[in-house]
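Keeping their order, the protein sequence lines are chains A and B. Quick note: the first sequence uses this note's numbering, first residue 1, plus one each step. Quick note: the second sequence uses this note's numbering, first residue 1001, plus one each step.
Hints listed in this document are in silico derivations from the structure and should not be mistaken for laboratory results.
Computed footprint of chain B on chain A, listed as stretches where at least three residues anywhere in the stretch have a Cβ under 8 Å from a Cβ of chain B:
1. 230 to 242
2. 272 to 284
To spell it out: a stretch of chain B is covered by chain A in this simulated footprint if at least three of its residues, at any positions, have a beta carbon under 8 Å from a beta carbon of chain A; those stretches are:
3. 1052 to 1063
4. 1129 to 1143
5. 1317 to 1323
Cβ pair distances, simulated, as ranges:
6. A:75 <-> B:1304: 41 to 47 Å
7. A:192 <-> B:1307: 45 to 51 Å
8. B:1220 <-> A:174: 33 to 39 Å
From the three backbone atoms N, C-alpha and C, an ideal C-beta is built for every residue, glycine too.
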Amino acid sequence: MNAFGTFVQLIVDGLAQGSLYAALALALVLVNQATGLINFAQGGMAVLGAYIGMSVGNLVIPSVGPIAGVLIGIVVAVVVSFFIGALIERFIMRRFQGGDEDTSVVATIGLLTLITGLVGIIWGFNFIPYPFFFGSGESFTIAGIAISVWSLTTFLTIVALMIVLQILFQKTKLGLGLRAVADNPRSAALSGVRVGGMLMIGWGLAAALGTIAGILLAAKVQLNPNNFDAILVYALAAVIIGGLDSPIGAVVAAWGIAIIENLAGTYLEFIGHDLKVAVPFILLFILLILRPQGLFGRKRVVRV
Amino acid sequence: MNAVVEFFGRTWVRGVVLAIALVVLLVLPLVSDPHTNQTISHIAVFAVAVLGLNIVMGYTGQVSLGHIFFVGLGAYCAIIPIYYWWGGSLAEGAIVIGFVLSLVIPGVVGLVVALAAVRLRGLALAMVTIALPIIGVPLAKRLGDLTGGNEGLSIRRLAYEGSDGETYRGNPFGAPSWSGLDNDQWQYYLAVLLALLFFALAYFLVRGKFGRAFAIVKANEAVAGSMGIDPYRYKVLAFTISGIYGGAAGFLYVVVLQYTSSETLSFGHSIELVIATIVGGAGSIVGSILGGAFYVLVPQLTNAWGLSQYTLVAQGVIILLVLFLLPGGLASLPRVIRRLTGRRRGGQHVGSRERAESTSGNTKN
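This is chain B alone, in the form it adopts within the complex:
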C-alpha cells in the first residue's frame, strides 16, 4: 500500500494520471448514458462552488457560511440576460453578457460584504455570513419581476422572435446541430471544460504569491502583519475571489439546469456546501472535486434508495465522522494511509518522520 501511495506521489506519475483523467473526462460523455453525463455536469458545477468556498475557508482560514448566496446570485446574473434578450438582436451575445455578469456582480458583492465582515475574526465572520442566504431568499422573491419569484426562471423552452417575425422556442444551451451532440453531452462539455479552466486558474492562484500570502494569514495574522502582508487586504481579496468563483458556479448551474429559483440559494444548501468542502478536504484542489461529488451524490444516492428523509442525517453523521477521524477530509486519505502503513511496517524511525510530516501538514490545513 505504501509503495502504491508513494508511486502516485511522483510528479511524472501525477502528470500521467492527470492526462488519463482528462482523456476519460472528454471521452466519457460520448459513451455513457444521459443520466451519468448530467450527474458529472452537476458535480462540475458544485466542484467550482466548493473550490470558491475553499479559497476563503480552506486556504485563507475564514469561515464563510453564506457561500451559496454567491452561487445563487451568479445563477440569476447568468439567466436574467439570457431570459430577456436571447434570440433577439443580441442572439448568443446574451449568453456572453450573462457569463460576464455572473462573475462581476458576485465579485463586487463579495468585495462589499468582505469590506465590513472581514473586520471580524473567526466566529463572528461565520455569524455574519450565515445571514446572506437568509436575506437572499426573500430578496430574490421580492424582486419577482426580474427573478420570476417563487417559480424562478426557466430557459429550457425559451420563446424568441426570429428574423421572419415568427415566434420560436429554443434552449440557449441546447446542442447546436453542427456539433452532432445530444443536449446532455453538449452541456457536459460546456460545464466540464469551464470547470477545468476555473480549477486551473485556482491551482496557479493558490500556488503563487497570493496563495502564500493566504496561507500566512491563515496561520497567524499577527505574523502576516509583521511580514508586511496586510491580513485585512488579503482576506478581502480571498473573499472577493471566492465570490467570483461562486458566481462562476452559478453560471455553470444555469448551463446544466437551464433553470434557477430562490431555492438555489437557500440556507440548507449553504450548510451543505460547507459540509461538502470539509468532507472533500479543506485547502485542497482535489478535495474541492471530491466535495462537489459529495454535495451532488449524497442526496442522489439517498433518493435512489428511497431514503431521501435520511439525507440530512447522513450528511450530519459523515461530517462529524470526518472531523473526528479524518480532519483533512477525503483528500488527505492517501497521506493518512501512508502514515498508518508506514508506522506499521517501517518501525520507529519512518513512523516518527512521517508523523512529523503529517502534523506539519495538519497545521497548514
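The following block holds chain A by itself, in its conformation from the complex:
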C-alpha cells in the first residue's frame, strides 16, 4: 500500500475506533445533561450490559439461530440496562443529587468498583468471546482501503445515535425536561417537570446507550470486566474537549482523538502502539491552557 493509502486507512480505522469512544462519551453527556454529574461507572455499566447481552444471546441462540439470537440478546441487554440505570439512580445516586460534586464523583467510583466486582463474580475475570454473526476480521475493500464490517457497523450506529440524541435534547419535550432538571431542578419542579422521573430516565437512557457501546466493543475484542477502563478515559477526554453539553461536539472530539492517536502511533516512533493513549492527553493539556471550557462548550460564569 502506498503512503497515502496508509494515511487514509489510518483515518478510516480511527473513525471506527473513535465511534466506540463516542458511544461512551454520548452516555456521559446524557447523564451530565440530566443530572449535572459525571458517571465514572459508565464504562463498568457498559460492560455489565454487554455481559447480559452475551448471556442472553448464548441462551437463545440454540433455539432461534445465530442472527435472531444475537439480536434478541442486544434488545434484552439494552432494555435491562435501562432499568438497571434507572434503579441505580433512584436507590443510590438520588441520595447525592444536588449535593457536593466531589461526593458524587466518589459515589460513582464506588459504583464502578461494585459493578466490576459483581461482573467478576458472576462471569469471572477471564476473557470471554461474544457470540456474533460476523467475525471481527471480516472486511471489504473500497479503492484500496480495507473497511471491516465492524468498523462500518460501529460508525453508522454512532452517527445514528448522535442524531437521535441531538434531536432528543433540542426538539423534544423529554429533552427539554432533562435539560431543565440538570440546569435548575427546583424551577423545573415548579414548572411541572417530574424531576425524579427525569433523573431516572436520564440514567436509564445513558445505561442503554453504554450497553450499545459495550456490545460494539465486545464484537471486536473478547469481554472482560475491565474492558472499558481505558475507553472511559478516552470518552472523558472527548467530553472535556467536545464540551459536556454537546452530543455532536463529543462525537467529533472522539473521532478526532482516535484519528490523531492512530496517526501519532504510526508516524511518531517513540509513541508507537502502546503509548497512543498519552496523545489525547497531551493535546488536552495544551487545549486546557488555551480554552478551559472545551472547544464546543459554552463558558460558564460563576457568581459568588
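Dock chain B against chain A, hints included.
Relative to chain A, chain B alone:
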C-alpha cells in the same frame, strides 16, 4: 459512651494516648511475628499515600483520581538508582539518591500536571487525573530498559561487586548486623519512623497558614480570591505537595517490598486509594491512617478467607455505605457517636448544640 468520647477529646488525654500509641508502635515489632510486622509496614506505606491524597482531596477539595501514579513514580525513582548503583562506589549513597529523587521527581511532575489540570473545576479535574495511571502503565512498560518492563525491578537479592572484585548478593533494606534485628523488624522501623515524620510534617502543614488557605479554597474559591488567596496557586501547591507525599509513599513501598512494577500504579489501585481516603475520613490525619489500614487490610482479609473475588464488591459496598451513613469516614465515628448519645440522653438543648457543631464540621469536610 458520651463521657468516654468527651474524655478522649481533652488535649492532655490525647497527648497521653498518642504517647502510648507511639510506644506500642516502637515495641510491637520486637514481640510480634513477621507477618504482623509486614502488614503494619504496608499500612504505614499506604497511610502516607492516603495522606498525600487527603491533602489535595480532603483539605483542598480537589478530586484527584490518579494519585497512585505518584506512588508508582516515586517507587521507580527510589528503586532505579538503588538497582543500578547500590553496593558499587556509591554504596549506601544510592539509597539517599533514591530517597531524594522519589520526592523531587513526583513533586515536579505533580506541579506540571497541576499547572494545566487545576484550571478545571471539580468534575473536569477528576476526569483529567484519572488518565494518569492509564498513561503511566504503558509508559513504564515502554521504558522497560530502565523500569524492568513487565517483570519490574527487584532488589531483594541484588548483585554487586565488592572491593575485592568478587560478586556478592545483598538486600539494600536488609537489617544491618549491628542492629541485631530481623529484616522485617528493620524494614518496619524504617517505614514506620519515616511515615511518622511525614505525618508530623503534614500535621503542621494543615494546621498552619497553608492549611487555612487550603480550607478557604475548598469552602469557596470566589471568597478565597476576595480575601487575597489565589485559589489557582494554592491548588497547584496542594497538588505538588500531594505528589511529593505520593513519591514518599513510593519510597516506603520500595523499603518494605524491595520491588516495584507497572502493576503498582495500575488504574484499579488508584480507585482503591480514593475509596480508602474517603472511608478513612477526608480531611483528617487519623482518617489517613485508617484509610491506609483499609487499603491494606480489606484485600488481605478477603484473601485470608478465600474470598479474594469478593474484594472489589466489598470495597464498593463499603464506600457506598460510608457515603450514605458516615460521610466523614471512619475518623468521624467518635463525633457521630457523641451526637447520637447526646441526642438520646441530653434532650433538646444539648442535641441541637451538638447538631449545629457537627453540621459546621460537615461543611468543612
